[in-house]
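Enquirer: Input sequences plus hints: build the corresponding full structure.
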Amino acid sequence: MLYKNPYNHYFDYVVQRDLDKCIRCKACVTQCSYGANFYDYDRDLIYSLDYNCVGCMRCSTFCPTDCISIVRNPDAFRINANWKDNNIKDLYKQAGTGGIIITGMGNDKPFTNYWERMVIDACQVTNPSIDPLREPMELKTFLGRKPDKLEVNKEGNITTKLAPQLVLSTPIMFSAMSYGSINYNVSESVARAARELGIYWNTGEGGLPRALYEYGKNTIVQCASGRFGVSPEYLNAGAAIEIKIGQGAKPGIGGHLPGEKVLEGISETRMIPVGTDAISPAPHHDIYSIEDLKQLIYALKEATRYEKPVSVKIAAVHNVAAIASGIARAGADIIAVDGFRGGTGAAPKAIRDNVGIPIEVAIAAVDERLRQEGIRHEVSLVAAGGFRNSSDIVKAIALGADAVYIATSALMALGCTLCQQCHRGRCAWGITTNDPELSRRVNPEIGVERLVNLITAWSNEIKEMLGLMGINSIESLKGNRDRLRGVGLSEIELQALGIKQAGM
Amino acid sequence: MKVVYPREQWCVACNLCEVACMTEHSKAKDPLKTYLLEKPRPVSRTRVEYKQPRALSLMCRHCAEAECVQACKNGTLTRNEKTGTIELNQDKCLGCWMCIMACPYGVITQVIRDERPVANKCDLCPERDVPACVAVCPNRALVFEDRG
Numbered sequence: 001m002l003y004k005n006p007y008n009h010y011f012d013y014v015v016q017r018d019l020d021k022c023i024r025c026k027a028c029v030t031q032c033s034y035g036a037n038f039y040d041y042d043r044d045l046i047y048s049l050d051y052n053c054v055g056c057m058r059c060s061t062f063c064p065t066d067c068i069s070i071v072r073n074p075d076a077f078r079i080n081a082n083w084k085d086n087n088i089k090d091l092y093k094q095a096g097t098g099g100i101i102i103t104g105m106g107n108d109k110p111f112t113n114y115w116e117r118m119v120i121d122a123c124q125v126t127n128p129s130i131d132p133l134r135e136p137m138e139l140k141t142f143l144g145r146k147p148d149k150l151e152v153n154k155e156g157n158i159t160t161k162l163a164p165q166l167v168l169s170t171p172i173m174f175s176a177m178s179y180g181s182i183n184y185n186v187s188e189s190v191a192r193a194a195r196e197l198g199i200y201w202n203t204g205e206g207g208l209p210r211a212l213y214e215y216g217k218n219t220i221v222q223c224a225s226g227r228f229g230v231s232p233e234y235l236n237a238g239a240a241i242e243i244k245i246g247q248g249a250k251p252g253i254g255g256h257l258p259g260e261k262v263l264e265g266i267s268e269t270r271m272i273p274v275g276t277d278a279i280s281p282a283p284h285h286d287i288y289s290i291e292d293l294k295q296l297i298y299a300l301k302e303a304t305r306y307e308k309p310v311s312v313k314i315a316a317v318h319n320v321a322a323i324a325s326g327i328a329r330a331g332a333d334i335i336a337v338d339g340f341r342g343g344t345g346a347a348p349k350a351i352r353d354n355v356g357i358p359i360e361v362a363i364a365a366v367d368e369r370l371r372q373e374g375i376r377h378e379v380s381l382v383a384a385g386g387f388r389n390s391s392d393i394v395k396a397i398a399l400g401a402d403a404v405y406i407a408t409s410a411l412m413a414l415g416c417t418l419c420q421q422c423h424r425g426r427c428a429w430g431i432t433t434n435d436p437e438l439s440r441r442v443n444p445e446i447g448v449e450r451l452v453n454l455i456t457a458w459s460n461e462i463k464e465m466l467g468l469m470g471i472n473s474i475e476s477l478k479g480n481r482d483r484l485r486g487v488g489l490s491e492i493e494l495q496a497l498g499i500k501q502a503g504m
Numbered sequence: 001m002k003v004v005y006p007r008e009q010w011c012v013a014c015n016l017c018e019v020a021c022m023t024e025h026s027k028a029k030d031p032l033k034t035y036l037l038e039k040p041r042p043v044s045r046t047r048v049e050y051k052q053p054r055a056l057s058l059m060c061r062h063c064a065e066a067e068c069v070q071a072c073k074n075g076t077l078t079r080n081e082k083t084g085t086i087e088l089n090q091d092k093c094l095g096c097w098m099c100i101m102a103c104p105y106g107v108i109t110q111v112i113r114d115e116r117p118v119a120n121k122c123d124l125c126p127e128r129d130v131p132a133c134v135a136v137c138p139n140r141a142l143v144f145e146d147r148g
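In the order they appear, the protein sequences are chains A and B.
Take 1 as the starting number for the first sequence in my numbering and just add one per residue.
Take 1 as the starting number for the second sequence in my numbering and just add one per residue.
Because the hints were derived from the structure by calculation, they are not lab data.
Take these hints with a grain of salt, some might be off.
As the list claims (entries may be wrong) - Computed beta-carbon distance windows for the label pairs: (1) A:Tyr3 x B:Glu87: 54 to 60 angstroms; (2) A:Cys123 x B:Gln9: 50 to 56 angstroms; (3) A:Asp40 x B:Ala64: 41 to 47 angstroms; (4) A:Thr160 x B:Tyr5: 52 to 58 angstroms.
Unchecked claim - In the BS3-like style, the derived pairs of lysine-lysine whose C-alpha atoms are separated by at most 30 angstroms in a straight line are: (5) B:Lys27 x A:Lys21; (6) B:Lys51 x A:Lys26; (7) B:Lys33 x A:Lys21; (8) B:Lys39 x A:Lys26; (9) B:Lys51 x A:Lys21; (10) B:Lys27 x A:Lys26; (11) B:Lys33 x A:Lys26; (12) A:Lys217 x A:Lys161; (13) B:Lys29 x A:Lys26.
Yeah, the Cβ is synthetic: ideal placement off N, Cα and C, and Gly gets one too.
Expert: Written out as structure tokens, the structure reads:
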């Protein structure tokens, strides 16, 4: 504290410790991976270096006497509507370091949240609602290209050749998080949970560790601009292949895994030397047009004998509808659109907070455009980026998505408290770290249970919501925007979402 | 026989097993009073050993061939023939520390009782269904199992 640089000494959180309740058990000391808590043997006292605290709450949740509270630093700048606290602190930080500010997780700025401005319809008197506890309710979802028409022979069997499909028990999948950005225990938790739930998880761009090949039937393998870990064996290991063009948290730039996180296992899986930064190029250098994308899609289909659907993941940007139309015409089976609230393991803060558009409007625009062009059935649409609960998912499906990707929520089920320090590789909850001491903190046994609980709970809530709308299958909700109404939105916003004002 | 097994790969070295053990074996049964008021303070019967990145919480193994029972000269340490566990009768203990010398795991400690030091070790929390350390472990790094 003595040798501090006063310009860089503004910090966000204070560890408040009620010393009357502190038993010096040192749980907080051992659990803090950022060096904020210390035990002083001479004074028999635990104290905190508040400027190291990131507000992850690991210490306060582990304290057996609940003597710790993490509070916002009351040390406040003069209130200024233009220069908010974070503007000032970021500026000082950059004046001190000359660097780009890197951060983790999704956009945390108070942009309009359209999920919260949409309400769901329900049946009353004239159309009966359905009770999902007493009547069957179908959440089964198929992702992939659907045929223009179905031909059935006299025996009642389908004779049309169907494109490969992903079959989901519920319209939720675990989104791409690379091995390396998250550690093996987290990857294993997600993979096992996907298998148990009958859904899919996505490897992200870091390849598939050898030990997780057994979860291949529930795996979507990703092929990103860095081509980390991509081999014929890898492409054939999964149930589908995803070409990652963009990510909602950082549209237009490539992934970056800091060298500190590239340890033995990650190096082997990514096929890069230990300790080297894994920097994905911003564009795919072989894709500069829809025609180029088509080449890659068909190269991947060729490599997997046309047995696996190919997905293309893009970030939600201004012209997303036209881009999606191009992707559909390039031969993709699935389009995943990632909104600007989607998370990341590391992204420049300026980009995370200012680039891209909300997933709500992106999904509405893409679905509308594909319908207008008569090619909606040729692709499935997966929405991603900041889904917080089952009602967000119901609204996304009503806006036109076939399924959703969740990742931040999945990590939260494993303990994440959104402290946004993923890029530092010191995650106190053991999620975004490869440190053998810290990564032990996620026990897949517990992780799988919690992920399965979360998806089961959300699926049950989705069934309840379908029931109250009088719908008994998720298929009937898709693109059913008539079941949504806007509250507190302008006419142009309602138009962008393609929904009516409440009361109309 | 069910005993507590540490699972080294999941121990996060949070020390909560020690807090729970001390609280369970205190008069007050409350962590605050146990640590701050009780004199002498109870001594934990399990200890988190760590040299990161490795850590584990270790307590009496209730060995099939217990060195401590063989070393004990006045029957303080005995095997309960019914349950198979090793029991320690602190009233009898003379404080010769032969058990501490003999224990290959180093899990027998000393505690002050009735103003004299006596041996102290895991009793598997006879008043609980699951030992306190196992119940408190946030990462299932301690399990209470019968592995034959």
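Enquirer: Now, for every hint given, state plainly whether the structure supports it.
Expert: So, going through the hints one by one against the coordinates:
{"no.": "1", "hint": "A:Tyr3 x B:Glu87: 54 to 60 angstroms", "result": "holds, 56 angstroms"}
{"no.": "2", "hint": "A:Cys123 x B:Gln9: 50 to 56 angstroms", "result": "holds, 52 angstroms"}
{"no.": "3", "hint": "A:Asp40 x B:Ala64: 41 to 47 angstroms", "result": "holds, 44 angstroms"}
{"no.": "4", "hint": "A:Thr160 x B:Tyr5: 52 to 58 angstroms", "result": "holds, 57 angstroms"}
{"no.": "5", "hint": "B:Lys27 x A:Lys21", "result": "holds, 18 angstroms"}
{"no.": "6", "hint": "B:Lys51 x A:Lys26", "result": "holds, 16 angstroms"}
{"no.": "7", "hint": "B:Lys33 x A:Lys21", "result": "holds, 10 angstroms"}
{"no.": "8", "hint": "B:Lys39 x A:Lys26", "result": "holds, 20 angstroms"}
{"no.": "9", "hint": "B:Lys51 x A:Lys21", "result": "holds, 28 angstroms"}
{"no.": "10", "hint": "B:Lys27 x A:Lys26", "result": "holds, 22 angstroms"}
{"no.": "11", "hint": "B:Lys33 x A:Lys26", "result": "holds, 17 angstroms"}
{"no.": "12", "hint": "A:Lys217 x A:Lys161", "result": "holds, 22 angstroms"}
{"no.": "13", "hint": "B:Lys29 x A:Lys26", "result": "holds, 20 angstroms"}
Hint compliance for this structure: no hint is broken.
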